[in-house]
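Fit chain R to the given chain D structure using the hints.
Chains D and R are the protein sequences, given in the same order. Each step along the first sequence adds one to the number in the working numbering, with nothing skipped, and position 163 is 163. Each step along the second sequence adds one to the number in the working numbering, with nothing skipped, and position 43 is 43.
Worth flagging that the hints you see were computed from the coordinates, not collected in a lab. Remember, it's a predicted structure, so these values are computed and weren't measured experimentally. Yeah, the Cβ is synthetic: ideal placement off N, Cα and C, and Gly gets one too. Please note that the accuracy of each hint is not assured.
[Said to hold, decoys possible] Example chain D residues on the side facing chain R (calculated, C-beta under 8 angstroms, incomplete):
no.: 1; residue: Val50
no.: 2; residue: Thr108
no.: 3; residue: Ala119
no.: 4; residue: Ala249
no.: 5; residue: Leu253
no.: 6; residue: Leu256
no.: 7; residue: Gly317
[Said to hold, decoys possible] If you want the footprint, here are the derived chain R segments under chain D, 3+ residues with CB under 8 angstroms:
no.: 8; stretch: 95-103
no.: 9; stretch: 106-118
no.: 10; stretch: 231-241
[Unchecked claim] Covered by chain R, according to a simulated footprint, are these stretches of chain D (three or more residues, beta-carbon under 8 angstroms):
no.: 11; stretch: 120-134
no.: 12; stretch: 308-315
Below, each chain spelled out in residue letters.
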Amino acid sequence: MLPTTRGAFALAAGAVVLALLPFMAQVYYVELATTALVAAMLALSLQLLVGCTGLVSLGHGAFYGLAAYTVYLVTPEDAGLSIMITLPLAVLAAGAAALFVGALSLRTRGFFFLMVTLAFGQMIFFIFHDTKLGGGTDGAYLARPALSLLGFELTYTRRQRPVFLYYVALVQLVAMYLFLAFLLRSLFGRVLEGIRINEHRMRALGYDTYRYKLAAFVIGGALAGVAGHMWAMHRAFVNPEIIGWHRSAEALLMILLGGLQSLHGPILGALAFTGLGELPQLVGDAKPFARFFSAIGLADFGLRVQALAERKLLLEGLVILAVVLVLPRGLAGLRWPRFIRPAFGGRPAGNERVQP
Amino acid sequence: MSFAGFLAQLLNGVQYGLLLFLIASGLTLIFGVMGIINLAHGSLFMVGAYVAFLTTRAVGSAWLALPLALIGGAVFGALLERGLFRHFYRRDHLDQVLLTFALILLFEETRSILVGNDFYSVPVPAAFDFSVPITAGFSYSAYRFAVIAICLALAVVLFLWIERTRMGAIIRAAAEKPEMVDVIGIDARRVHMTVFAVGTALALTAGALAAPLYSVYPGMGDGFLIISFVVVVIGGLGSISGAFWSALLIGLVDTLGKAYVPAVAGLAIYVLMAGVLIWRPTGLFGQRG
Numbered sequence: 001m002l003p004t005t006r007g008a009f010a011l012a013a014g015a016v017v018l019a020l021l022p023f024m025a026q027v028y029y030v031e032l033a034t035t036a037l038v039a040a041m042l043a044l045s046l047q048l049l050v051g052c053t054g055l056v057s058l059g060h061g062a063f064y065g066l067a068a069y070t071v072y073l074v075t076p077e078d079a080g081l082s083i084m085i086t087l088p089l090a091v092l093a094a095g096a097a098a099l100f101v102g103a104l105s106l107r108t109r110g111f112f113f114l115m116v117t118l119a120f121g122q123m124i125f126f127i128f129h130d131t132k133l134g135g136g137t138d139g140a141y142l143a144r145p146a147l148s149l150l151g152f153e154l155t156y157t158r159r160q161r162p163v164f165l166y167y168v169a170l171v172q173l174v175a176m177y178l179f180l181a182f183l184l185r186s187l188f189g190r191v192l193e194g195i196r197i198n199e200h201r202m203r204a205l206g207y208d209t210y211r212y213k214l215a216a217f218v219i220g221g222a223l224a225g226v227a228g229h230m231w232a233m234h235r236a237f238v239n240p241e242i243i244g245w246h247r248s249a250e251a252l253l254m255i256l257l258g259g260l261q262s263l264h265g266p267i268l269g270a271l272a273f274t275g276l277g278e279l280p281q282l283v284g285d286a287k288p289f290a291r292f293f294s295a296i297g298l299a300d301f302g303l304r305v306q307a308l309a310e311r312k313l314l315l316e317g318l319v320i321l322a323v324v325l326v327l328p329r330g331l332a333g334l335r336w337p338r339f340i341r342p343a344f345g346g347r348p349a350g351n352e353r354v355q356p
Numbered sequence: 001m002s003f004a005g006f007l008a009q010l011l012n013g014v015q016y017g018l019l020l021f022l023i024a025s026g027l028t029l030i031f032g033v034m035g036i037i038n039l040a041h042g043s044l045f046m047v048g049a050y051v052a053f054l055t056t057r058a059v060g061s062a063w064l065a066l067p068l069a070l071i072g073g074a075v076f077g078a079l080l081e082r083g084l085f086r087h088f089y090r091r092d093h094l095d096q097v098l099l100t101f102a103l104i105l106l107f108e109e110t111r112s113i114l115v116g117n118d119f120y121s122v123p124v125p126a127a128f129d130f131s132v133p134i135t136a137g138f139s140y141s142a143y144r145f146a147v148i149a150i151c152l153a154l155a156v157v158l159f160l161w162i163e164r165t166r167m168g169a170i171i172r173a174a175a176e177k178p179e180m181v182d183v184i185g186i187d188a189r190r191v192h193m194t195v196f197a198v199g200t201a202l203a204l205t206a207g208a209l210a211a212p213l214y215s216v217y218p219g220m221g222d223g224f225l226i227i228s229f230v231v232v233v234i235g236g237l238g239s240i241s242g243a244f245w246s247a248l249l250i251g252l253v254d255t256l257g258k259a260y261v262p263a264v265a266g267l268a269i270y271v272l273m274a275g276v277l278i279w280r281p282t283g284l285f286g287q288r289g
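Bound conformation, chain R alone:
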């Protein structure tokens, strides 16, 4: 294939990887701080995509979808934490798995009641509906550039929040030694609610950004959930920077694989995961031991 084609696939891979990062970072944060695995995280992504679809259908442009997903997601996440997840931190893994599985079924059925089971495509926002010429024979979708930029901006904000703010320090401490956070008198419940709200907001935003690229369809969260798990396993559970690099890696491997060796591309990321598990079972960026 030509160089221009390769460049396009490379950019696609980066864009896909960054979207995966938005989903996987929420998963890994929620696990790191609360020790809970949210199987419904993929469904939250789906909710975001349908928010974009519904706002586009109602208002005629997708502009409103992004702030709606971000803010609505945060509120929704806080409510979920408050109403359900809070009671499950100390419960058995099995109970947590089934709780979040029940949420998947309820989200899917609610979607089916509200929107039905059809595929819908979502138009790209009019302002970004053009191509950016890069070389003489090659131009790239402006919307995909916008997605890359928004994801990178969110990633930077997330890094700064975790590394530079007081709340971030508490979150890092809670991920390391939750008992200590309690002992020194920090209200852990507020921390949990914040982390859950941020994770949910990121998942919904990823969904809203993805809707014009991948359309919206029933069960769309499942595939993204599984790939995000692979990202988290490779990156190391609870590590944000690990999630970032492994999301990029998975995005590139999957996209380039599908473009150049489609016959085996579906298996590539699992082979990668198997390799990491043999070489470093705690993930590339996880702590040893």
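Next comes chain D alone, as it looks inside the complex:
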């Protein structure tokens, strides 16, 4: 799960690149990057369950969405509260919901667990979708939490806001990564790993695996709450879509895309997935298919292909299919081609052959 020394340097370099991004990119892309960082936090919090403990949950998005709604519910209409109030409350709400859902669903295993987490996640979705508690199906706007700490407030102008929020998200993501890295090195993390590999053995060793799994589920849910809180802060808007189970499935996809075997995989996966989501927009602006086919005299056909290429779900579905069919170890499992690898001083190829 944890990187090697060289991997840690690569990650640090990646963090530096991310930290410099606002100096290089336009505002639109800074905001997009913030969206990607929030997705990375969600995927990272889910990795504690999926990659570390071996629990595939489809209800994770519910804790994320619940945290975002908590920010909306505690914030008065006119002015934002301090982040020192909203963040703990959002995390607390997400963690409490995770405790309730986890305590029940962890009584089951495998696919049963998956179905139960999905059903309870949808229960939380329907609470906000069907009642007027959080603006119903239309969603609601909220005042952003203020960056204030012990009476000292960090203020920013409207123009500076995207960059400020980007750094707030980046700091939280880095903190979450370090926290999880620390957690996985501890005895607790080792036990979770043992549960993933062989739960019976861990029980035979005397560990109460239910409690460990529940603890992991609650920590994961609370961390998803951090991501949800950041989402509310980023968008200043909540709607039921952020609670729905499609969000959970997307987070699973980010993990698979990035690789199950590492803690940085979900971050890579989230960045790749968010970038991918922009593709139909770019294709829609540039219209490459329409141009190409009209150039070779098939204008009508070109327009159809163009219309298909701009469909987001189609692209997303096809990419998922491609990933599960071709890339079962994710992007993190990608290696340099054999003839380049020795130049990078990589490990001998034989050691990393994919297990059938």
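Below, chain R alone, put in the same frame as chain D:
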């Protein structure tokens, strides 16, 4: 509320429960035999509903929709098994989840390309477009009676098929001990394809029957998928009779709840599920252990 009103809600609940059974039985069969959870099962239901909508629009009556959904569903299911699912039986849960999630997105987008994103109502077949008088002041929709009858007939056929035929015996054996089925020389691939075809046909049929009752709309499969999961969890995974009784239970609780205590009805089935999980985590009809 009056007694007649109560009776109507009771019948509505039974009819809803039986529709849920058609969806949930396919889910539970496919899981029981192949060990795969099909998140796209709700989308198959949606496909059935749109088949009914499109045939009604093209032919002018929904008569053709039912056989089309049943036979077309079986063929479609067999093709899906052959082309995709077969390669995923031994894969990780996560891969199966994402495969079927990808199918949901592709089904939804295909629907959006072909039909668009509007709500459409589907007319009730003309032959059933009347009410059956039951008492002096109360009559009930003939179409809903027809749905109840068709669902019950399909349920009986399904039970007989599982309990009384050779294929059914193999399916029960495969659900119990898949290795044994291989060892005694039965072609497991044919069994898998059959089970998938039957499950898909049932989901499409449920969709075709539901279209005149609930209209057709984007994402309609999602809600039914989640409720079917609740049905399967309460009934016990892999158990057909469990799915039947728990589908009826959920149908009645949900319908009566929405009629009499609408404020909390949305939560009722989840509370029921939580109760079952505390009391018997393997489901009411699942095996203990």
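Check: Against chain R, with CB atoms and a cut of 8 angstroms, does the hint on Val50/D hold up?
Finding: OK, holds: Val50/D within 8 angstroms of chain R, min 7 angstroms.
Item checked: Ala249/D as an interface hint toward chain R, with CB separation required under 8 angstroms -> 4 angstroms, holds
Next item on the list: Test coverage of the stretch 95-103 of chain R by chain D using CB-CB distances below 8 angstroms; three residues minimum.
Entry: holds (count 7)
Check: Regarding the hint that Leu256/D lies at the interface with chain R, is the smallest CB-CB distance below 8 angstroms?
Finding: 6 angstroms, holds
Check: Given as covered by chain D, does the stretch 231-241 of chain R meet the bar of three residues or more with CB within less than 8 angstroms?
Finding: holds (count 3)
Item checked: Stated coverage of the stretch 106-118 of chain R by chain D [criterion: 3+ residues, CB within 8 angstroms] -> Holds: 5 residues of the stretch 106-118 of chain R have a Cβ under 8 angstroms from chain D.
Next item on the list: Verify the interface restraint on Ala119/D: the C-beta must sit less than 8 angstroms from at least one C-beta of chain R.
Entry: Where the cut-off is 8 angstroms and the nearest Cβ of chain R is about 5 angstroms from Ala119/D, the hint holds.
Margin query: Using C-beta distances, would you say chain R covers the stretch 308-315 of chain D, given that this needs three or more residues below 8 angstroms?
Written below: Answer holds; 4 residues pass the 8 angstroms Cβ test.
Check: Can we keep the Thr108/D interface hint, with Cβ of chain R closer than 8 angstroms?
Finding: 5 angstroms, holds
Item checked: Coverage criterion applied to the stretch 120-134 of chain D (partner chain R; beta-carbon cut 8 angstroms; 3 residues) -> holds (count 6)
Note to self: Tell me if the interface restraint on Leu253/D is satisfied: Cβ within less than 8 angstroms of some Cβ in chain R.
What the structure shows: Because about 6 angstroms separates Leu253/D from the closest Cβ in chain R, which is inside the 8 angstroms limit, the hint holds.
Note to self: Interface hint check: Gly317/D, Cβ to nearest Cβ on chain R, cutoff 8 angstroms. Holds or violated?
What the structure shows: 3 angstroms, holds
Hint compliance for this structure: every hint is met.
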